[in-house]
Amino acid sequence: MLRDIYNSLMEFVRAFGAFQLFFLRLLVNSPSIFFKRFSLVVKQVYNTGTLSLVIIMVCGFFVGAVLGLQGYANLARFNAEDSVGTFAAFALVKELGPVITALLFAGRAGTALASEIGLMKATNQLSAMEMMGVDPLRRILVPRFLGGIIAMPFLAAIFSAIGLFGAHLVGVGLLGIDVGAFWQLMQQSLEIGDIQEGIVKSFVFGVIASSLAVWEGYSAIPTAEGVGRATTRSVVITAIVVLIFDFMITAVAL
Amino acid sequence: MLLCFAAMVSESENLIEITDLCFSRGARQVFNGLNINIKRGLITAIMGPSGTGKTTLLRLITRQLIPDSGTIIVDGVDISTLNRADLYKLRRRFGMLFQNGALLTDISVFENVAFPLREHTNLSNRLIRHVVLTKLHAVGLRGAADMMPSQLSGGMARRVALARAIVMDPEFLIYDEPFVGLDPISMGVIVRLVRKMNDALDISSILVSHDVDEIATVADCSYLISDGKVAASGSPEELQKASSALVQQFMHGMADGPVAFHFEAPDYTEQLLGMDAD
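First to last, the sequence lines map onto chains A and B. Each residue of the first sequence is one higher than the one before, starting from 1 at the first, in the numbering used here. Each residue of the second sequence is one higher than the one before, starting from 255 at the first, in the numbering used here.
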């Protein structure tokens with residue numbers, strides 16, 4: 001049993017080291033791809049960002065609507081129901097927007113990236129590129145990595161905006177909170193630093209989700225089972241790492 | 255046979271020299287002191303039973319894998335000494351046809367063939383179109399230029415992959431199991447194309463396969479690999495006449511022989527009647 005634990009630990013250390021080297025290669029190659037092959041990046045912003053819009057907007061709306069309901073029900077105990085807008089804005093901009101967007105991104109775009117790259121590996125498409133003298137890391141992985149990083153902050157911002165709309169619809173439209181109080185209290189309380197925190201988080205989560213998705217696809221065992229496991233792993237690991245980093249960034253920002 | 259012999263006379267004629275190659279995957283020794291010379295201008299076939307590491311050998315030659323020991327010299331250069339940039343430069347001189355074609359599935363046939371040109375050259379779209387259509391015409395698929403890879407049959411996909419492999423005018427072509435899973439017509443087409451490409455483009459070809467009949471019609475020189483080493487070499491006719499039991503089993507497709515029909519297993523009776531039956 002001790003040997004099993006030791007082997008698992010060594011395997012983890014090996015995989016972590018390999019990921020770090022891979023991440024460094026992604027970073028080193030990113031500037032040249034961003035400036036010289038921007039069209040490849042734009043295509044991936046569309047694939048990972050635009051195609052994720054529906055799920056982000058629908059989820060954002062309902063999360064905001066729930067915040068409106070919960071906020072009203074709980075703040076009413078302290079006669080502070082007018083602060084529902086402030087409550088929803090803080091929750092969405094600083095926490096739920098970046099975090100839920102990252103989790104949804106991992107589920108929609110991350111799985112698509114991991115399985116696409118894994119299947120390209122399984123069908124020798126990546127080997128074929130190498131044989132044509134084209135580095136798959138530069139041609140396939142870096143544009144997807146950059147596409148995810150660019151898309152994530154926008155998706156998180158859209159999630160928060162739609163969420164606020166949902167909270168407004170429930171709070172003002174359904175529960176009768178004064179529309180002026182809803183928006184004015186929010187404007188008075190929310191500071192630029194809060195929005196910056198949300199942007200920083202969504203950017204960091206974009207780096208995490210994109211890099212883990214392309215890594216899992218690239219390092220997948222090139223079989224149907226291997227690609228399936230890599231796809232699942234990309235979601236699970238991204239969720240864990242995002243929540244750990246969320247705690248760390250929040251702790252630093254406070 | 256004469257071609258093979260003539261090429262063996264001069265060492266400088268070797269395009270690829272593999273010396274004392276050892277490679278293992280986990281506990282399994284795939285190659286154990288393999289020595290092969292690939293001659294310029296010829297079609298060299300690498301044959302062997304399934305699982306002997308033929309495709310692994312191609313991956314070693316192209317340095318997609320790194321050997322445990324031994325040297326692989328390609329056109330006078332030890333490929334283990336190359337950095338990534340030089341390796342990719344060398345690979346541009348290769349053309350490789352994968353077993354399943356390995357076409358990029360999200361772009362059309364035309365774009366697949368144009369892919370290396372777009373990546374490595376600054377040719378105008380007009381010129382790229384001209385070159386791509388010429389290559390597709392050579393494999394008889396000019397009319398399929400706008401199709402997607404998913405719309406192609408296995409044989410067509412392999413022909414498109416061949417057009418892509420020759421679009422940069424490589425110095426040598428590598429074929430990984432080009433005949434597997436093809437109907438007789440497609441197989442005949444591929445056999446003719448292998449010969450035609452080698453002679454018309456004046457290049458060298460390495461062909462990995464276990465289709466003995468097809469190899470006999472197209473290869474100038476053959477190596478039979480077994481147990482991690484070269485078991486026999488020579489022209490396909492020479493291999494047909496070789497006295498070795500292994501070569502005879504392979505060339506004539508006999509079920510049992512040095513390569514046993516049964517995979518290593520415990521005693522049959524013991525296993526059926528023994529305790530582990532519970």
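No lab work stands behind these hints: they were computed from the structure. Just so you know, not all the hints are guaranteed correct.
Stated by the list, open to error - Incomplete in silico selection of chain A near chain B, CB under 7 Å:
1. ALA122
2. ASN124
3. GLY133
4. LEU137
5. VAL252
The model shown is predicted, which means the values in this text are computed figures rather than measured ones. Where is the CB? At the ideal position from N, CA and C, for every residue including glycine.
The hints, checked one at a time:
1. ALA122: violated, 10 Å
2. ASN124: Since the shortest Cβ distance to chain B is 4 Å, the answer is holds.
3. GLY133: holds, 4 Å
4. LEU137: Nearest chain B Cβ about 10 Å off; hint violated.
5. VAL252: With Cβ-Cβ at 37 Å, over 7 Å, it is violated.
Checked against the numbered hints given earlier, the structure breaks hints 1, 4, 5 and satisfies all the rest.
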